[in-house]
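Trainee: Chain by chain, the residues:
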Amino acid sequence: NAGVMQNPRHLVRRRGQEARLRCSPMKGHSHVYWYRQLPEEGLKFMVYLQKENIIDESGMPKERFSAEFPKEGPSILRIQQVVRGDSAAYFCASSRGTGNYEQYFGPGTRLTVT
Amino acid sequence: AQSVTQPDIHITVSEGASLELRCNYSYGATPYLFWYVQSPGQGLQLLLKYFSGDTLVQGIKGFEAEFKRSQSSFNLRKPSVHWSDAAEYFCAVGGVGQAGTALIFGKGTTLSVSS
Numbered sequence: 001n002a003g004v005m006q007n008p009r010h011l012v013r014r015r016g017q018e019a020r021l022r023c024s025p026m027k028g029h030s031h032v033y034w035y036r037q038l039p040e041e042g043l044k045f046m047v048y049l050q051k052e053n054i055i056d057e058s059g060m061p062k063e064r065f066s067a068e069f070p071k072e073g074p075s076i077l078r079i080q081q082v083v084r085g086d087s088a089a090y091f092c093a094s095s096r097g098t099g100n101y102e103q104y105f106g107p108g109t110r111l112t113v114t
Numbered sequence: 001a002q003s004v005t006q007p008d009i010h011i012t013v014s015e016g017a018s019l020e021l022r023c024n025y026s027y028g029a030t031p032y033l034f035w036y037v038q039s040p041g042q043g044l045q046l047l048l049k050y051f052s053g054d055t056l057v058q059g060i061k062g063f064e065a066e067f068k069r070s071q072s073s074f075n076l077r078k079p080s081v082h083w084s085d086a087a088e089y090f091c092a093v094g095g096v097g098q099a100g101t102a103l104i105f106g107k108g109t110t111l112s113v114s115s
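Order-wise, the sequence lines are chains D and P.
Mind the numbering: the first sequence is residues 1 to 114 in this note's numbering, read in order.
Mind the numbering: the second sequence is residues 1 to 115 in this note's numbering, read in order.
Note that these hints are calculated values from the structure, not bench results.
Any given hint could turn out to be false.
[Said to hold, decoys possible] Derived lysine-lysine pairs resembling DSSO-like cross-links, with alpha carbons at most 30 Å apart:
1) D:K27 x P:K61
2) P:K49 x D:K44
3) P:K49 x D:K27
4) P:K49 x D:K51
[As the list claims (entries may be wrong)] For the chain D half of the interface with chain P, some residues (derived, Cβ under 8 Å), not all of them:
5) F45
6) Y48
7) I55
8) P61
9) F65
10) Q103
11) P107
12) G108
The model shown is predicted, which means the values in this text are computed figures rather than measured ones.
Where is the CB? At the ideal position from N, CA and C, for every residue including glycine.
Kindly generate the complete structure, drawing on both the sequences and the hints.
Mentor: Dropping the structure here:
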């Protein structure tokens, strides 16, 4: 049973470009979470999605960041006009449900903005 | 506001020695508590979780953790550390965010194992 898959694993973008990060949840999981890990920091929650719905985006920066989880295909975290401060590891997690269901994490996408 | 504190940034333990990593949380209700481990350049792997019931929980790789409500703590322990346990360890509390489903993580404790 494949785990949570993320691609690309490493992404380099110049300032002002767009970054698209993809996440395929574990089979049977319909809940997806995105977290960001800055250097020497723990993970910070960004957004929680179910199929075709954003449930909680309280951790998302107000500008340039968006996320979607379409009916078909992976969840996408999109960062427009990237800046150096966006350089971080972005992790996706999926779960079978809410409440007492644990979240399983993917390997992450390491974004470097030059 | 909910928070998780891991007081130790870096710990070094001799191989074969016992280990305890500290975690304190701030949360209004009974929390969901987790310990994750992250190897360099890798994602997070769930070691164990506490939702309710027995306050001593067993996890993978020989780890265990004890929930102490009176101390707001969820410390991770292992009786005998192996060199392969060197990694970064994160404590997390669940049930947060607007939907009550997100995790808040501590800043992590880096474990080094000496021979």
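Trainee: If a hint holds in the structure, say so; if it does not, say that too.
Mentor: For each hint, the structure was consulted:
As the CA atoms of K27 of chain D and K61 of chain P are separated by approximately 25 Å, the hinted pair is consistent with the 30 Å bound. Only pairs whose Cα atoms come within 30 Å are accepted, and K49 of chain P paired with K44 of chain D is accepted, the gap being roughly 19 Å. Restraint check for K49 of chain P and K27 of chain D: the C-alpha separation of about 21 Å stays at or below 30 Å, so the hint holds. Among the hinted pairs, K49 of chain P with K51 of chain D is consistent with the structure: their alpha-carbon atoms are about 26 Å apart, no more than 30 Å.
Below 8 Å, beta-carbon pairs count as interface contacts, and F45 of chain D has one with chain P at about 4 Å; its hint therefore holds. For Y48 of chain D, the interface hint holds, the least distance from its beta-carbon to any beta-carbon of chain P being 6 Å, beneath 8 Å. Because the smallest distance between the Cβ of I55 of chain D and any Cβ of chain P comes to about 5 Å, under 8 Å, the interface hint for this residue holds. Because the smallest distance between the Cβ of P61 of chain D and any Cβ of chain P comes to about 15 Å, over 8 Å, the interface hint for this residue is violated.
Proximity of F65 of chain D to chain P is violated relative to the hint, the smallest CB-CB distance being about 16 Å (cut-off 8 Å). Interface hint status for Q103 of chain D: upheld, as the beta-carbon distance to the closest one in chain P is roughly 6 Å, under 8 Å. Residue-level restraint check for P107 of chain D holds (minimum Cβ-Cβ distance to chain P is 4 Å; threshold 8 Å). Taking 8 Å as the C-beta cut-off, the interface hint given for G108 of chain D holds, the closest approach to chain P being about 5 Å.
Figure legend: structure checked against the earlier numbered hints; hints not met, in rising order: 8 and 9.
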